[in-house]
Structure formats: structure tokens, C-alpha cells
Amino acid sequence: MSRINPLLVLLLLALLLVVSLVVSLGVGSYARGFADLPALLFGSADSLERAVMLELRLPRALSAMVVGAQLSLAGVMMQALLRNPLADPYVLGVSGGASVAALITLILGFSGFWVAAAAFAGAMINVVLVFGLVSRAGDWSPGRLLLTGVVIASGWGAVVSFLLAVSEGQALKSMLFWLMGDFSHVPAPGWHLLVLLVGLLFAWAVARPLNLVVRGALQAQALGVDPRPLRLGLFLVTSLLTASAVTQAGSVGFLGLVVPHMLRLLIGSDHRWLVPGAALGGATLLLAADTLARTVIAPQQLPVGVITAFLGVPLFLWLLNRNEAQR
Amino acid sequence: MNAAIRVGLHALLLALFSVHHAVADGIEVVDNKQRLVRLTVPAERIISLAPHTTELLFSAGAGDRVIAAVSYSDYPATAKSLPRVGSYDRIDLERVLALQPDLIVGWPSGNPGGALDFLQRHSIPLFLSEPLSFDDIADNIRKLGHLTGNDEKAELAAAGFEQRMASLGQRYRNATPVRVFYQVWQEPLMTISGEHIISKVLALCGGHNLFPNLPRLASSIGLEAVLAADPEAIIMPSSNPQWRELWRRWPQLRAVSDDRLLVINPDHLSRPTLRVADGAEEVCRKLQGEAE
Amino acid sequence: MTRMAIEGLTLRLGSRQFCDKLCLDFEPGQIWGVLGPNGSGKTTLLHTLAGLHSPQDGRVWLAERELAQWPVRERAQQLGILLQSDDSSFPAPVRECAMLGRHPHLEPWQWESAEDWARVDEALERVGLSHIAGRDQRLLSGGERQRLKLATLMVQAPGIWLLDEPTNHLDLHHQVQLLEDLTGEVRRQNQLLLMSLHDLNLAARLCDHLVLLYGDGRVEAGPLAELFESDRLSRLYGHPIRALHDGGQCWMVPG
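Chains as they are written, first to last, in my numbering: chain A, 7 to 333; chain B, 207 to 498; chain C, 138 to 392.
These are computed hints drawn from the structure, not numbers from a lab.
The structure displayed is predicted, hence computed values, not measured ones.
Honestly, I wouldn't trust all of these hints.
When the alpha-carbon atoms are kept at most 27 Å apart in a straight line, the in silico DSS-like pairs for lysine-lysine are as follows [said to hold, decoys possible]:
no., chain 1, residue 1, chain 2, residue 2
1, A, Lys179, B, Lys286
2, B, Lys406, B, Lys239
3, A, Lys179, B, Lys406
4, B, Lys359, B, Lys286
5, B, Lys406, B, Lys492
6, B, Lys359, B, Lys492
Same shape as in the complex, but just chain A:
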């Protein structure tokens, strides 16, 4: 498993993120050359161009970065928590709870802030539900947690299907767009950025213990890590990150599963590198995907989830193949 220096990978990812940000700010229906970017960003003119830049493209780009980082980070931690490389942030039903609540508010004719607030509340209801069931059983093993979460997520899934089945017309369109994830109406990240920072700090602080936890509770305990408080912390922080991400942009799929694996292939399994790497990689991928989503068939818009899959699947398969060939 010879690989590139992890620090170099992080620096490259950071560079890629900056490039993605510049491109994202520079392209759009309101075409303007990159040369005008500084003037638009830092100038003082009260023009529509400047408003488009500061109130549309910039908040949207920032949100895409924050959500991408949150989901990828949550993916890394969820996979460690469940010791399962197939886990994603939604596996314990957080997005299911959020979806049900959001769809109900959409059916009732609300939009914008209320949908987001409902989504967050739904996600939190799910957290309390899973937490309550698991702690009643007193069994925090990955198997028990996964089973509980998966069953609850399926329950939410059934409710989502029901809500879609009894809705029609425009509301249905809104609901499907929400389910696929969409950034066209997000405000600037605000407090969600704080959630990301808390998540990052937590993940980085427990990064080395995470290396042990993925090898099982007994092994972790034998090597000096008490897995129980760590598991609980992981559960709560991933839930919070996921809830925050889903609240902003709906359930953007795929990212939380694949970015952690991509980064493992690039910089290995040491969580001290993986955590910042996944945050950078997820931010870059989702920003790039959203830029494409709003420009590829402009003026029409694609749901960003479609693009993350279009970008991510071939990229991931290529990395996987390259890695197989190397060993």
C-alpha cells in the first residue's frame, strides 16, 4: 500500500477546494469573467451583479462546502461507530426523520425556513428515538445500533413513500426535489458552520482512539480506550452533523458513503489524516457538483444529488481499480 504523503494530499485537496470556489463564483447564468471577481466581491458598487455574487453565489457555494464537509465527516465517524464500511450518515434514520417532517410541512404548503426547521426537528426526533431504544436495551454494540437504526430508517422510508403516494402536482415536485437535495434556496451557512467546526474538533480530538474503535470494542478497551463514552459521542456528533446538513439542503445522497472511502484509498485509514481529508474532499466534491448542477443545463437546474453520483461513482471506481492494481 504505497501511497502519497498524506500531508501532500491534504494540501492538494485544499488547493482544489480554493480552485473549485473560484470557479463556482465565476460561472453562472449571470455570466461575468473571472477578472471581475475581486471587484464584485470586495467592491462597493450597489449593482445587481454584485448582489448576485454576494447573495446568491457566495452563500450557495459556502453552504455546499459546509454540507459536503459535514456529510463526509459524519460518514467517516458513522463507519467507525458501526465498524462497517458500508455505513453512511443516513443509515440510522436521521435523514428519514428529517424527510418525513420536511415533506409534511411541504404538503401543508410551507416553504423555506419552516421546512428547514421541521427537518431539523424530525432529525432530532429520530435521534431521541434511536437513542432511547438502544439505551433501554443497554446494548451499544454496533450490531444492535445498526439493526435498531436500519429498522427505524425503513419505517421513515415507508412514511416517506406514503406521503409521496398521497401527494400530487407541484407539492410532489417540491418533495422530490427536497429528497434529492437542492441548494437553490439555501441561505448562508450561519450556525451550521459552527456545527461543522464542533464536529471537526470532536472528530480530530478522538481521531487516534477512532483507529482503535474500528478494530472492535474489546481491542479498543485492551489498548486503553473506553469505547462506551466514545460511541455515545460519535452517535450524537454524527447525528448533529447529519441533521444540520439535511436541514440545509435536503438529503444529498452518496457523499457520506463514498468520500470516506475515496480518502481511505488516497491517504490511508489513520483518522488523524482521514478526518481533515474527508472534510476537505467532501467540501470540494459537493461544491463542484453544485456548480455543475446549476450550470450544466442552465437555465434549468439539476438536483445536486444527481451530480454527486455522476461525479462520484466513476471517480470512486477509478480509485478503487488503481488501488487494486497497486497491491
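With chain A's structure known, arrange chains B and C on it following the hints.
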């Protein structure tokens, strides 16, 4: 015979032979999918598979023959009490068959293809309605009237509609052109293509649809694209204040600075029916800034 | 050097009783073999000694403090265990896996030093994995995996070694060579080692003390010389065992 008379005669003959010629062996019309629909006697038991077809049937004077409809068939008010056979996109076929209709009016772009195929296989007379223009609306009403033996009443309704639209066209022929964004929905932001009947209403009133070339009748659209196009007026069929707030965030926009965020009655233009005339009158009046 | 003791230890799993109010002292410099048939509680006893399992009753002492009172990290500096099952579906190079053993010796924010890496390389050398130090752990064979676990434990360098079936998956050569190397080192350092074994002759060769778990609550413990006899072992396993004498050495063979 001069040309005008020849054309008129030709039209008359065409009308006679295409619509009325088969009085002896039944009633025949061609629907919007160019299918021949043939009945031996006027339909008595009709099921309507779309809200707009229910409305058209009532306009054609056949409201009392409609025995069932799909949900959201809410106009005219009497249609609300009709038995339901599901929604337009999920039809209870067993119910439809059990009611033993002698005519079904379907909506090809809204009903599931499988359900329509099933009905055709069971050789229940099926009229497919997809009005894309003002003429289509009038034509639909005439044909539905003919299928139900209501030719005179239908003709009256259709001609009245044509006349209202024609006079609108006359009145706003020289109206100032206005670049319009028609907002179908907020999240996702959606608008209509030039093919949509609403776009034709806009054109009638001197409005110019900013996105005529979208591939589908209704498509999602980027907010930035709308800002870039800088519409002079934005028409929205919803009184939800959030819809207007979205635009007020952009005071530099022409439509906002000129205070032309126009809220119209959501019911009139949402379906291709006679109420399009009401909607068109409202759009024209508001777009051209006339008092009520 | 650190010693361990158990006092009034009662272990049960479901309806099975493994030991009842057992008291034992484990002194530095001793090598203990834990013997008994399947399901007699060998793993449960070792897990209890490692603090991974809470006994129904009784206490485990590590040095002058009760085991449960030790903070996990400090405990892991004193005491290490080779677990039977340790698998991970995540990719990681062999060298990084072995480095996990260093965890209890590092401060929370501290990174591994060159000296730590040197320990890892030395341990991999000792178990004969140097040539595949960069390989993904998921691609190891059963025996290689077992040796990696042993190397990880060497990197942890505890004063008290608990080995649960260390011979699992190992070929004859590695069984003898690795365990002789390890027990020799433990004796030289005056440390303590307990391991569960199925091979009686290997136990005789490596250990100086035995714990015999009968699986029904009866336990016998003491110096090898007192316990290593065919009648007793026949009773332990419920299978006739004969002793063959060959030049001062005694070999147990199934009858």
C-alpha cells in the same frame, strides 16, 4: 366560385365529413392523439380522468352524464360531489370498470400510460384530451359536446370562448411589449416553456416569456438565470407572501423597482379550460397596468 | 515488577459456572498455562484478568490497586491481551496496525516518534512480517494475522501478558519459535504471562504454572510439576491421556 367561397365550402365539407358524416353508423371524432373515437349512441356514462376534462365536459353541457371523476375535480362546484376513481396519476381501474362507463376522457400527459393502454385493450371508448392552444380548448369542447349529443350547447360555449379570446387579441394587439417571468412554483423555482398555453396567454397580452425554449412544458430554473434576464414583470399564481419576498430581496430587479410582482388567481390559468379566458383578461389587465 | 492476584473470584456465563470464590496469586517471572476443555471459561478468565469482563463476584488486583480502579489507559500500559478475534473490514497497512499497540503510551495529542516506529519495525522483524510491512491487513492469511496481533502486543510492551489461544492459525515452527522467544523474554524481564493453550506438550514446554478449568466450577491451580499428570489431565478433558517418557521429558498423548 371565388377563393373565399371555395375555402369556406371546403371547410364546411371537411367539418361535415370528419365530424358529422357518420350519423348513420354512429358518432365519430378525432382526439388530440389523432385517434378515431367512435360511439354508436351519445355517451351516457362518462368517467373523467383529469380535473380539466371534468371542467370541459361540464362546459360542453355534459356535466350530468359524468358519473365519476378523479380527485381535484373541483370546478364547477357540482363536480366536487362526483364519485372518485383515484387521482389522475393513480387510477383505480377496477372501480372504473365496475362503473361500466360508455366513454372515458383521459389525459395522455397526466394519466399513467399503462392505465390508458389497459382501457383501450378493453375497448372502452377513450377520448384523449391534451389542449395546447386556445383553439384546442374550443375544439375539445365541441368534440365532447358531439360525443354526448350536446352539439348546440357546446358550440355556444366554444364560440363564446373564441370570441372572448379574439377580442382580447384585438384589444392588446398593439400593447407595449413586456418581458415577463411566469413563476409556476417557488421551491424548486419553476417556469413554463413557450409551448405552454400560459405562454400563449402572455403573448396575447403583449407579454414576452423570457424562457420560451425550455425542453419541457414546466421546468425548474435557476434563480440566477431569472436575475440575469431581468424581467420587467413577474407573474405568480399564488398569494403566498413568501413568493413575493423572494424577489423583494433583489431591489435592483426591474420587476421589483417598478413594483410589478403580479399575483393572479391561481385557479384560472392552471388548467386548459374556458376559465383561461378569465385568467387571460386578468393577466392582460395587470400586465398593462389597467385599473379593474 | 507488577504482580496480579484474584480474590474470591466467581465467574458465570449463562447457566455455566466456571469458578467459584477462586483465590490465586500470579507472581512476576511466572508463565501460566490455562488449560481446559472447550467452553470451560478460559477466555472468560483471561478477559476478566484484562478488565474486559466484570466478574459476578470477587476482585482482581493489579499491583496494589484493584483492576477496576485503574484508568483504562494506565491499565493498558501495564497489561496487554492477545484477543482471539480481532478483525476489521477497513484497509490499513500492517505497519500502522502494529503501531496501534503504542496508543496507551502516547499522550492524547502526541504523534508517534521515530523511536516508536523503530519498536514497530523490531516487533515485525521478531514475528517475521517485515517483508509485508506495507501490505493491507485485510489481505493477510490467518497465521500472518495472528503474528500481527502478537507484534502489536510486543509494541504495547506490557508487564503482564495475557494470551488467548496464541497458537491459533500458527504453523508448528511459529508456535514453538515465537512463543519460546516471548516466554524467554518475559522470564528475563521478570514479567508475568498467562496463556490459554490446547497443546499439553507445548504447555509443559513453555509454562511453569497451570490453571486447570474443569468447566463445572472446579478449578485447580499450581506449579506445573504438581499438576501435570495423565490421570488428572484425563479427568480434565474427559478423555484418556497417556504419559510417554522419553529421556527425562514427559509427553502426553491422547489414548
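Against the structure, the hints:
Pair hint Lys179/A plus Lys286/B holds up; C-alpha atoms about 25 Å apart against a cutoff of 27 Å. For the hint linking Lys406/B to Lys239/B, the alpha-carbon distance of about 21 Å falls within 27 Å, and the restraint holds. Pair hint Lys179/A plus Lys406/B holds up; C-alpha atoms about 24 Å apart against a cutoff of 27 Å. As the CA atoms of Lys359/B and Lys286/B are separated by approximately 22 Å, the hinted pair is consistent with the 27 Å bound.
Between Lys406/B and Lys492/B, the direct Cα distance comes to roughly 16 Å. Compliance with the 27 Å bound is thereby established for this hinted pair. Distance restraint check for Lys359/B and Lys492/B: the Cα-Cα separation of roughly 32 Å exceeds the 27 Å cut-off, and the hinted pair is therefore not satisfied.
In this structure, only the earlier hint numbered 6 is contradicted, and the remaining ones agree with it.
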